[in-house]
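Protein sequences appear in the order of chains A and B. If you're matching positions, the first sequence starts at 1 in the working numbering and goes up one per residue. If you're matching positions, the second sequence starts at 1 in the working numbering and goes up one per residue.
None of these hints come from the bench; they were simulated from the model. Since the model is a prediction, treat every value here as computed from it, not as a measurement. Where a beta carbon is used, it is the ideal one built from N, C-alpha and C, also for glycine. Possibly wrong hints are sitting among the right ones.
Unchecked claim - Facing chain B, a subset of chain A residues (Cβ under 10 Å, in silico): (1) Y6; (2) D208; (3) C244; (4) W246; (5) N248; (6) R303; (7) E362.
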Amino acid sequence: MANHCYIHIPFCERICSYCDFCKRYPYQEVVDEYLTALKKEIEDLYQQEELETIYIGGGTPSCLRIKDLETLFEILKPLKKKKEIEFTIEGNFESTTKEKLELYKKVGINRLSFGIESFHPKNLSFLERGLDISHIQEVLKEARSLGFDNINLDLMYALPTETIEEVKEDIQKILSLNPDHISTYSLIIEDHTKIKIKGEKPISEELDAEMYELICKELKKNGYIHYEISNFSKEKKESHHNLCYWDNKEYYGFGLGASSYLNHKRIMNTRSLTNYRIGKRVVEVEELDNHSTIEYEVLLNLRKREGIDLNHFKETYHKDFFELFLVEDLIQKKFLLVENNHLMIPEEKWYISNEIIVQILEREKYE
Amino acid sequence: MKQENIRNFCIIAHIDHGKSTLADRILEVTGAIDKREMKDQMLDSMDLERERGITIKLNAVQLSYQKEGEVYQLNLIDTPGHVDFSYEVSRSLAACEGAILVVDASQGIEAQTLANLYLALDNNLTIVPVINKIDLPSADPEKVIKELENIGFSREEIVLTSAKTGVGIEELIHKVIEKIPSPKGKKNSPLKALIFDSLFDSYRGVITSIRVVDGIVKTGDKIKMMETGATYEVVGLSINTPKEEKVDSLSAGEVGYLYASIKSIEDVEVGDTITLEENPAEERLPGYKPMKPTVYCGLYPIDSNKFEDLREALEKLKLNDAALTYEPETSKALGFGFRCGFLGLLHMEIIEERIEREFNIDLIATSPSVVYEVLLTDKTKVMVDSPTKMPRREIISKTLEPYVKASIFTPSEYIGPIMELCQDKRGNFLNMEYLDETRVTIHYDSPLSEIVYDFFDRLKSSTKGYASFDYEINDYKESDLVKMDILLNGEVVDALSVIVHKDFAYSRGRIVCEKLKEIIPRQLFEVPIQAAIGGHVIARETVKALRKDVLAKCYGGDVTRKKKLLEKQKEGKKRMKQIGSVEVPQEAFLSILSTKE
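Using the sequences and the accompanying hints, generate a full structural model.
And the structure:
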């Protein structure tokens, strides 16, 4: 049973220097072929569940022409939606027009997500992105007036040569746009990206952590809830789609390079457009037994402020968490915290959560 | 086979002078293998040997060659080339009547050329000198001929070869037949066969390599090991051509393998003499003196459950490596392991690698130590082969350390840097000899402990690889030695303690702390690293606490990637040892060796 759905639109008009995700230039015939293949995939796999969230991500979904967007929404029509569905589309400001916003509204989209990433000209040029602040303000104003009351903005930090002052300015600027949700990511220099090829090096661990702490402090001061390692929202504006991953729930992932979690299997789609088009979609399947499902539960849940719901854990796996994982010492040293029957990593330790999670998994008791 | 048509010989050379390639070519020319089957370095059967290009296990191969209507049996016994293995060289020499001395046509005579030559002469072997690699553009045979003349060979007896192209190989084989005497043993005397190597085979038990000196041994014979007294019935005899071929008997002068369902490894001692239970020989062959280990280190399995596996591995390795010694040892930091003795650093590295590869045991090796002599205030003497065995300072009246006579063979332009290096290593200059105008041997009296560290690497780098070096253990000399401890997170890690000269302790302490800081990954908490002598801290570094270790971005629900990364991180930890609350990677235990600034 999957009540969540991700749809990937692998098209971008420009390639950002740091991006290693699946993207293509939106030539008309490629887009046409892609949408046809996407339609087929949904028809083949969708089991008629009522969906709680749909997330159209990319790439840059907003770069599709109006008529392609119309085709896309036509394709998505068979997806059944719960009344209180969260329906998100990603995009950039450049390609978002009033006409597109109206179309979004018409088809029931109620959440928008835009990448801004940075405000500083030096950093924008590093990322190979543009920024037109007056256009941004205009699009946001239009969106608000159409009734979009759940808007996310992405912000990146820890770029090479970036200073703590620049991060401070970025925070002020993003706050001035009054988003409902903010996602922040420290730059990862991934393989096969332009910046990797250029030989860029990450900033120091210390400075990176300092920037993260600053962002957390400033956003909290301005009324945002830090509900998950990289995400902040105003009250009740948490991304339900984002949370479905961390709650270890099953979800569809349609499209090129998309991941899904269905019937205890984690499935990865191909990144090859040719194969995707001819229906050779799956490149990797991880079948989960009880043991690895539990491992996922632990590592995903602990990204959230509320951590692992110990009651839910016991109900789902018929085993007390502390019988499976001997983590008493980690609790004592305050790397873990138990509160209201939840086990969580305290916020000040989130930035070193990998090490803590690995240590928890190492303390698994084998029977 | 007529005894007078048998020739037993080995090849000796400085490392990399083309010994193994020459052996391959001889195999090919005598038709033992054809070109198609030819793997490079046929005699080196272990993967490790082929990779490192050095022969570390003995191998004997029987070849057949026709010359002027007579059929000759040539037994080629391979020997290792590195200084650490001069003991094994002497084993091979004891089974031969002659030796081919290989010298590289561009490098000329080097330290181990001489060391091995002297060993061979001590064993009364007939020498056939060969200048190899004459095909190389840099070859200068004329210069090398002069060098050989300088050490007593005549121009006429020197053979010029290229093992690569095959030039001179036939001539070399002829020289071997003409010059090297046939074995002198008596076929009718009671059996005396020298065990010069052995290895363990899981199906056949211990397989011994033997050289029959007197008498004859047949399948089914009741044999007796003269030293250990063990008796067995011979199950099989074979020769290596280089394919294994069964034979019914081996008689005086011949070389081959013998197996007798020997299950207990202790019964077989390399160097022992095999005789027949009925009609035994009166006395054993002289054999040769086992060499004493000069370098010791602790070997510990990372996974403490593998202690017994490690014991078994050492037992099996010891079988054909009598110089390896081991005894159980306990470390507070590392648990149960073995204190092992080696002939040198290379020997140590090879044993470690063989344990990891052939027996699949991940190891931690503690820093190597030489054997110190410590005189106590109550006049007793203790031999200390591990820093943990160093007595308290208050009861020590005198400490002595082993010195070696180091001979460095070098083009004269590097005399300066070499002398600088030797002074740096606490060496005392003895003398200098010129072989010709451009080549010189420098002799130093140096502490062995300094040699076993990084002397060889530094010698190579300060002479662009031109200098070669050899050493022999000399005697013990008084030294102001102290034990330096390393503390992680405030606790002494016994496995990291080291004995150093007092004058060098501060700089060594600083370098080791810096190195450990590089090697030990950041952890959840700050880790102080300290070097201390008798509780007095002399150097300090800190591994800062982890600040960032998080996977922030989640592209389109790809959480599998996160899990894989975490699993990799978890896997990486298995290669580390938990010491107190600190996770320490394997290589930290060798960081103590590092002397680089």
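Structure-based check of each hint:
| no. | hint | verdict |
| --- | --- | --- |
| 1 | Y6 | holds, 5 Å |
| 2 | D208 | holds, 5 Å |
| 3 | C244 | holds, 8 Å |
| 4 | W246 | holds, 9 Å |
| 5 | N248 | holds, 9 Å |
| 6 | R303 | holds, 9 Å |
| 7 | E362 | holds, 6 Å |
Consistency note: the structure conflicts with none of the earlier hints.
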